[in-house]
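For chain L, the structure is supplied; the task is to place chain P on it using the hints.
Chain order of the listed sequences is L and P. The first sequence: position 84 = 148 (our numbering), numbered continuously. The second sequence: position 108 = 168 (our numbering), numbered continuously.
It is possible that part of the hints are untrue.
[Claimed, not checked] Derived DMTMM-like pairs (lysine to aspartate or glutamate); straight-line CA-CA distance at most 25 Å: (1) L:K90 - P:D117; (2) L:K90 - P:D116; (3) L:K90 - P:E104.
If you're looking for bench data, these hints aren't it; they were derived computationally from the structure. For clarity, every value in this text was computed on a predicted model and none was experimentally measured.
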Amino acid sequence: SQQGEEDPQALSIQEGENATMNCSYKTSINNLQWYRQNSGRGLVHLILIRSNEREKHSGRLRVTLDTSKKSSSLLITASRAADTASYFCATDGETSGSRLTFGEGTQLTVNP
Amino acid sequence: EAGVVQSPRYKIIEKKQPVAFWCNPISGHNTLYWYRQNLGQGPELLIRYENEEAVDDSQLPKDRFSAERLKGVDSTLKIQPAELGDSAVYLCASSLTTRANYGYTFGSGTRLTVV
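Bound conformation, chain P alone:
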């Protein structure tokens, strides 16, 4: 099993440019999460999907961030336009059930640098 796959691993863009991250969760995991992790801090949730429905996006900065999960499998997180403060690691995770009674499986993340 490949685990949670994210791409790209690294991305460097100029401010005001758009950027997109892709995530393929573990097969059969209905719940998918996008987290952002700033340097030296713990991850913070951006959005949670149950199948194709975004059920918790209260911490997603909707003026510039958007996400989708087509057919309840792969997901894409987009930032447009990017700002310097968006530099961080963007982590995707998936879990089997809607409640966090099982651990999450995380991908290796995408490290975004906005210059």
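Excised from the complex, chain L in its bound form:
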């Protein structure tokens, strides 16, 4: 079963705008990760945030984690057409035995 739930399911924005995707999960975690998947390709690891961290940055990406609300957000600033992809959150649960559990993803479309 899926642990994470992404919101929204689909997001369409113009180039240069910011994109925010949210993820909620159900059980306690060790860490939460975000992945990108271009159409017909495998997933690419973007960023990992540990359960004792609240915010992390990597280039144009900003991830926040609120363990009290069991939620995370991924912000992509100054989006580009090349950012068009599906974005998945994945959780490494405390009791899942090193099993990453993925949500169903957000389909982001950045229009040029």
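Chain P alone, transformed into the frame defined by chain L:
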């Protein structure tokens, strides 16, 4: 570095036929995963290997699916016989350590169509 290599990229078979997928993980990565991804959904774990040992296969449909990882390197996932519902993308991933404290590296997947 080639990354995680999977073959074939695409496979079309008739139902009840057998099929096998192959994965070569990143050199030095002890942990190998097979995931299945249905259209429009996130990947779901089928099996996880630590070296040559399958340490988490609770979600592998063992009546028709089997996997092996010889010598703790390459891995093969087999379905016999295939059913229409097995149509999906089968993803292989590897990681450096047993805990998911580092990101996984995924291959490009094998898209299976059962007709």
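Next item on the list: Quick one: which hint numbers does this structure break? Sort them smallest to largest.
Entry: Those not satisfied: there are none.
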